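From first to last, the protein sequence lines stand for chains A and B.
4 is the number of the first residue of the first sequence in my numbering; add one for each residue after it.
200 is the number of the first residue of the second sequence in my numbering; add one for each residue after it.
It cannot be assumed that every hint is accurate.
What the hints assert, rightly or not - Quick partial rundown of chain A residues pointing at chain B, CB under 7 Å, derived from the structure:
no.	residue
1	Arg25
2	Ala35
3	Gly83
4	Ala87
Everything labelled a hint here was simulated from the structure, so no lab data went into it.
Quick caveat: nothing in here was measured; it's all calculated off a predicted structure.
Each residue gets a CB set at the ideal place from its N, CA and C atoms; glycine is no exception.
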Amino acid sequence: MKIEDYLAQGGVLSSPDNAPPRYRAELLRLMATFVDSELAAAAGFADMINAGPGIPERIAAARIVMEKTENAGRVLRIMGDFGANTDRYVGAHPWADRLAREADIGATRREGDMRLSVFNYPLTTWADSVVMHLLMGLAAEEQLGEFSRVSYGPLAEAFREIAPIEAAHTLSARKGLEHLIDTGTDRAALQASVDYWWPRVAVSFGREVSSRAATLGAFGLRHQTNAELRGCWERRAGAELEGLGLTAPQG
Amino acid sequence: MARFRKLTVTDVHNTIRDAVVVTLQPEPGEEAVFDFIPGQYLTFRRDFDGEELRRSYSICSGRGEGKLQVAVKRVEGGAFSNWANDELKPGAVLEAMAPMGNFHTPLDPSARKHYLGFAGGSGITPVLSILKSVLAEEPGSEFTLVYANKAVSSIMFREELEDLKNRYMGRLTVLHILEEDAQEIELFTGLVDEAKCKALFEHWIDIESVDTAFICGPEPMMLAIAKALRDHGLTDAQIKFELFASAQPGRLPRKAVAKGSKAGKGTEATITLDGASRTITMDRETSVLDAALAHDIDAPFACKAGVCSTCRAKVTEGEVEMHANHALEDYEVERGYVLTCQCYPLTDRVAVDYDQ
């Protein structure tokens, strides 16, 4: 049986030795997207630790930075099994770099960097970072649910370990947002952050019809479409915002 | 980067006619490097006619046995496996990397679990290591092994499994399924497919009590068993896979012969991706990857810094120069592999293949 047929029928691979070249490349690309996004998220949020209003918030922020870095390391180790140079990888790129707040890059990536485009935008205030983390955290939950089913067994296992850690970050963002609302933060400013981040997070799910969807599906690296995942996120995130007295932008 | 260490062969014996069990001794001071997790494998390298070949074999000894053993079954036309079966003698020195692989589950002495293992042919090796370690380290746990083979004569470790059954009375169940040899119970003859699994789960295996399942064998068997396990309520997290090495090419690969004339400025580059080849004209100041991307070829890449190896491809014609390489090993470069984000053409024509 050809490995490609085995994968198309739902087979699981467990070692780099068995990975066909094109599968290897798509798997590495998927892993790099996650690692770069986590490194960029951690680097961007590190600057926000000192913006936390109190000690508990600063501790929560510092923990999120640490755990996102750990999660990047978990997946980077698997990239290392495929030959990636894990020692150089982290230092090879400025993960804290951000574009201007008003830059509009759509879903495009920047040279040498596979982070999701949303991580190229800067956070402005503590409240802005909490809103971003809630919306992006909910998006990450959808994406991690999908990634936990990838056909490379060791990676699926890593994502199953990572998913609850990331879910805890989202919960912490939700609590943070509740606290901000309870302590009288200007609702209009929070809504402005929601309006800013919502379309940028939505774009991180990728194109409606991905040119690579068929290849990735046949490799067992994707099971649901970008549009399906985004739809799930829109419903969940919309309900969360409503519960907090905020509104999801239309369209 | 991969680091190979020396292992001295202390014993070689046959478990069946066409498979040897090789016992290995690390160099003094390197014992800890080869401290393995049951289910892991070793990757060996050896030169055959000047060409380096790497092969992975699962460790078959249990963790508490205090020895490092792999089993090598003869594969038709396989350079390494035939050499190991015909030539390998005690005293020989092999080179291997530290144990690798994720086909395992954490063991806990207080656990009371039911493990279910499926092994096809030489797929028994990692499963044997796991089952021996479970029986020795988790006194409250039991293990059921479904072991598929062609015939009685091809059952690796048959006697050792009998001994284990006697030693761990009542905690190890072994069901031999034989493709060719008729058995008293008809169910135990044939292939381990979905229907066979269903029948086994009805009368022989209490599937609801199973905590973790391990499958190691050829592809169709793995697919069928995984489907049957899922249909009976096991989650993906409960099913551990190790693909049997049947897909590894056994023969020595032919070395890519790179030919082409050096001259002129522009280069005609043929890029093969997903079975389609396109020829583009590019200058020599642009990397092969960037040239391909500029022509809307969806070539794989991530870091563009020669670090991650996502953009690896093989040069099948012409010559290129690689500016930085932090990811490929010497033996890959020798075979013509390049990081396309780092390589620039040197000849009038180059051909680069992402499918190899």
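Going down the list of hints, with the structure as the test:
1. Arg25: Since chain B brings a Cβ to about 6 Å from A/Arg25, closer than 7 Å, the hint holds.
2. Ala35: A/Ala35 check passes; min Cβ-Cβ to chain B is 3 Å, inside 7 Å.
3. Gly83: Given a least distance of 9 Å, the restraint on A/Gly83 is violated.
4. Ala87: holds, 4 Å
Going through the hint list in order, the structure does not satisfy hint 3, though it satisfies all others.
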